[in-house]
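Colleague: Take the sequences, apply the hints, and build the full model.
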Amino acid sequence: MNANEPIRILVVEDEPAIAADLCFVVEEVGYEIGGTASSVDEALKLIEDEDIDGVILDANLRGVCSSCVADALRAKKLPFFVLSGYLQRQLPEQLSGAPFLAKPYDQEELTSRILALAK
Amino acid sequence: MTAGAAWIDVAERRSGGFFFGDSETAAAIAAANWTRSPLGLPQTWPKRLRVALEICLNSAFPIAIFWGNELCLLYNDAYHGLLADKHPRALGRPAREVWPEIWDVIGPMLQGALTDGLPTRSEDLQLHMMRNGRRDEGYFTFSYSPTPDDDGTIGGVFCPVVETTDRVIGERRLRTLRDLAALSRAEDEGEACRLAASVLAVNGYDLPFSAIYRFDETRGEAELMATTGVKPGGRVAPHRIPLGDPDPIRGDIWGLAEVARLTPGRVAIRTIDARFGEPPCGPWPAAPDEAVLFPIVLLGQDRAVAALIVAVNPFKRLDAAYAYFLDRVAAKIASAMTDARAYAAERERAEEIRVRELALRRTEAELREAQRLGRIGSWRWSGRHDDRGGGSPYLARIFGLDPNAPPPSFAEQKGLLYAPADWQRLDAATRETLRTGEGFELDLPAHRADGAAIHVTIRSEAVRDERGAIVGLRSTVQDITERKQAQERVELLLREVTHRAKNLLTVVRAVARQTARRDSPMAFAQHFDQRIAALGASHDLLVQNEWRGVELHALTRSQLAHFRDLFGSRIRMEGPTTVVKPAASQAIGMALHELATNAGKYGALSNDVGVVRIAFGVTDKGDAPHFEMDWRESGGPPVVAPKRHGFGHMVILQMAKHALGGHVTLDYAPTGVVWKVSAPLDNVIEPAQGED
Chain A
4 MNANEPIRIL
14 VVEDEPAIAA
24 DLCFVVEEVG
34 YEIGGTASSV
44 DEALKLIEDE
54 DIDGVILDAN
64 LRGVCSSCVA
74 DALRAKKLPF
84 FVLSGYLQRQ
94 LPEQLSGAPF
104 LAKPYDQEEL
114 TSRILALAK
Chain B
1121 MTAGAAWIDV
1131 AERRSGGFFF
1141 GDSETAAAIA
1151 AANWTRSPLG
1161 LPQTWPKRLR
1171 VALEICLNSA
1181 FPIAIFWGNE
1191 LCLLYNDAYH
1201 GLLADKHPRA
1211 LGRPAREVWP
1221 EIWDVIGPML
1231 QGALTDGLPT
1241 RSEDLQLHMM
1251 RNGRRDEGYF
1261 TFSYSPTPDD
1271 DGTIGGVFCP
1281 VVETTDRVIG
1291 ERRLRTLRDL
1301 AALSRAEDEG
1311 EACRLAASVL
1321 AVNGYDLPFS
1331 AIYRFDETRG
1341 EAELMATTGV
1351 KPGGRVAPHR
1361 IPLGDPDPIR
1371 GDIWGLAEVA
1381 RLTPGRVAIR
1391 TIDARFGEPP
1401 CGPWPAAPDE
1411 AVLFPIVLLG
1421 QDRAVAALIV
1431 AVNPFKRLDA
1441 AYAYFLDRVA
1451 AKIASAMTDA
1461 RAYAAERERA
1471 EEIRVRELAL
1481 RRTEAELREA
1491 QRLGRIGSWR
1501 WSGRHDDRGG
1511 GSPYLARIFG
1521 LDPNAPPPSF
1531 AEQKGLLYAP
1541 ADWQRLDAAT
1551 RETLRTGEGF
1561 ELDLPAHRAD
1571 GAAIHVTIRS
1581 EAVRDERGAI
1591 VGLRSTVQDI
1601 TERKQAQERV
1611 ELLLREVTHR
1621 AKNLLTVVRA
1631 VARQTARRDS
1641 PMAFAQHFDQ
1651 RIAALGASHD
1661 LLVQNEWRGV
1671 ELHALTRSQL
1681 AHFRDLFGSR
1691 IRMEGPTTVV
1701 KPAASQAIGM
1711 ALHELATNAG
1721 KYGALSNDVG
1731 VVRIAFGVTD
1741 KGDAPHFEMD
1751 WRESGGPPVV
1761 APKRHGFGHM
1771 VILQMAKHAL
1781 GGHVTLDYAP
1791 TGVVWKVSAP
1801 LDNVIEPAQG
1811 ED
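Just so you know, the protein sequences line up as chains A and B, in that order. Under our numbering, think of the first position of the first sequence as 4, with each following residue one higher. Under our numbering, think of the first position of the second sequence as 1121, with each following residue one higher.
These aren't lab readings, by the way, just hints derived from the structure by calculation. Treat the hints with care, since some could be wrong.
Unchecked claim - So the derived list for chain B, only partly shown, Cβ under 10 Å to chain A, looks like this:
no., residue
1, R1620
2, L1624
3, V1628
4, L1655
5, H1659
6, H1778
7, G1781
Claimed, not checked - Anything over 12 Å on all C-beta distances counts as not near chain B; from chain A, calculated:
no., residue
8, R11
9, A75
10, R77
11, E96
12, P107
13, Q110
14, L118
Every residue gets a Cβ at the ideal spot worked out from N, C-alpha and C, and that includes glycine.
Modeller: In structure tokens:
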């Protein structure tokens, strides 16, 4: 990763208002939006096609569990954290093992999680 | 008859009279004074009479001769029994003088034989002769044979006779005893008495009347059970007799208190006096004057339970045979009552058993129904792996087993009813119970024989023998599949509700932050309220439709509620009934809210003439059908594109694009704002049925 190039974050979230807020915070901390996705297929496509450094991953996309997105991210060794209204222990293994941010989130916590994606 | 001829000659020679032989009667004839007899002196008797008398006196069979118009009586020694105390007075007397008491019967018969010359024959004819000072019931078989006189006319009647009294009465009594013995078994003591009475009633000669009383010790009374020959409830046989009461009419008229204390074999004798009024006579022309009272003592008891009162035949002496007969009657009644009591006791026992069995069956049925209702089966087994034990019918139902086949042994249940790991848990628990006696309760997933998954609760306890040693297990198996499923549904629902609530909180939070970022505190309060209200309104529609999506006309009306008066005039909606998905409804709803807010502030709805056209529908664009929606303003003040984009812009453009996964444009044309959406149908429209 080149220090001069901005960090690009993929936001995977099907709730528009939340996605917008996430994008806003990503830009606030000085990173760039590498794309937004509201479905599993969109997310998988963007992971494949786009140049991305980290991912914010909602656990449930339009009623579909996003565990296969997590698998793809692990395969590409891309850092991500899981965002969900479910309890962490209620999530399938692929998701419960990753860093977790509970909805509704705290601004500072969100910020530190986003920053952590670049480490 | 040379000897006969001889005695006539010899007699005449010796005494100048006749010699009639050596019998007692012959001596009496010789000694009698015949001068006052209508027969006259024997020397004057016709030769034929003398010949007949010779035959009579030489016979050992009772024979009488009635001679002459007055039917004067001559007889032999064997005949004395018939005469009793009438001998020797009767010798030579007219028959009518000898038997005035039966003359109405025998008179016409004798006269008939004498005048018509026709013999009679009577068998067991009942004649109540006076004998030894009383009229006596007697039966006789005899023949009246006309006997010629010397001149050829009928001179008299020759009568051989045999008394059959003992035979007739004996047979009669025997019949009564036999009928008593042949009585069918009575249901109870009362019926036994009534049945016995029905037999006694037939024999009025020996039992002119009778009554059976049962002693009721607790009430100090005797209760009338049955009577023969007398009306129940009268003076002779009152329905109830107070034992020992001295009242001459209402009291213990029969002295039953004494009878109650008599031991078997003892009797009491009572004179039937004036206190009884006019007692019934039965078949006799006179009322009985005494009665015998027997205690009725049942087999195996020592106290009389009843008394038998029997009036004695007034025409018969209470001799040993009569007393024995009555004693047998009393004994038969006692045995009939004993049988009835035993039968009643047996019936009572049988009834008790029947009632118990019925109760048991009812309990069993209840248990079965309760097991069905509670979906509980029960199982009893030794705890050995190869033991099948005994299961209740519902146990087979739970596991879908053949109820007529023995249940699988515990070892066979492994893999069949329980997965091996679950079976191991059950096995461990049962072994623990067998070892310690402590029961257990286990919730286990199980399988029906058809493979369907079920869930059961198993409760077990140790079964001990009478010495307390553990000999097996008693278990109940409850099918809790439905409860388990309901529980799981509730848990899922709770999880979903929690998830949605948290999501919504996050949305609210995002709206708040985004609104706050650009607005002044005053504007924030207003905008935030409106946005949350708009969110709430689309949420309401979602809930009304049970989360299955929202109809677009309704959604638009709810988001443009401020301008409801303009619908149809300045706000025109075109499009078919369209149900959009929950997520799309939220994005479209928020976009409509922001568009309307902007139109009201700066656009077509900020003056009095501007118009908003909202159109939506489905188009076939290229390969796949697309959802398209337009918001087109006109007639408002000239549009100036804003220098700075706020949250509203983000919602109208980014959020819609994001949520619908399609193409969204916002054009600040001078003539009016135009918002256009085009998105794949699947992202927006709810399928006709079901949920995603």
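Colleague: For every hint, state whether the structure bears it out.
Modeller: Okay, the hints, checked on the actual structure:
At its closest, the beta carbon of R1620 (chain B) sits 7 Å from a beta carbon of chain A; the interface hint therefore holds under the 10 Å criterion. At its closest, the beta carbon of L1624 (chain B) sits 9 Å from a beta carbon of chain A; the interface hint therefore holds under the 10 Å criterion. Hint status for V1628 (chain B) relative to chain A: holds, with the closest Cβ pair at about 8 Å, below 10 Å. Taken as an interface hint, L1655 (chain B) checks out: its beta carbon lies about 9 Å from the nearest beta carbon of chain A, inside 10 Å.
Evaluation of the H1659 (chain B) hint against chain A yields a violated restraint, the C-beta minimum of about 13 Å exceeding 10 Å. Given hint, H1778 (chain B) at the interface with chain A, holds; its Cβ is 5 Å from that chain's nearest Cβ, closer than 10 Å. A least Cβ separation of about 6 Å between G1781 (chain B) and chain A falls short of the 10 Å threshold, and the interface hint therefore holds. At roughly 18 Å from the closest C-beta of chain B, the C-beta of R11 (chain A) stays outside 12 Å, upholding its exclusion from the interface.
For A75 (chain A), the non-interface assignment is confirmed: its Cβ lies about 19 Å from the closest Cβ of chain B, beyond the 12 Å cut-off. The claim that R77 (chain A) lies off the interface holds: its Cβ sits roughly 24 Å from the closest Cβ of chain B, which is beyond the 12 Å cut-off. Separation of E96 (chain A) from chain B is adequate, the least Cβ-Cβ distance of about 17 Å exceeding the 12 Å criterion. Distance check for P107 (chain A) against chain B: the nearest CB is about 4 Å away, which does not clear 12 Å, and the non-interface claim fails.
With a minimum CB-CB distance of about 7 Å to chain B, Q110 (chain A) fails to clear the 12 Å threshold, and the non-interface call is violated. With a least CB separation of 18 Å from chain B, L118 (chain A) remains clear of the 12 Å interface cut-off, as annotated.
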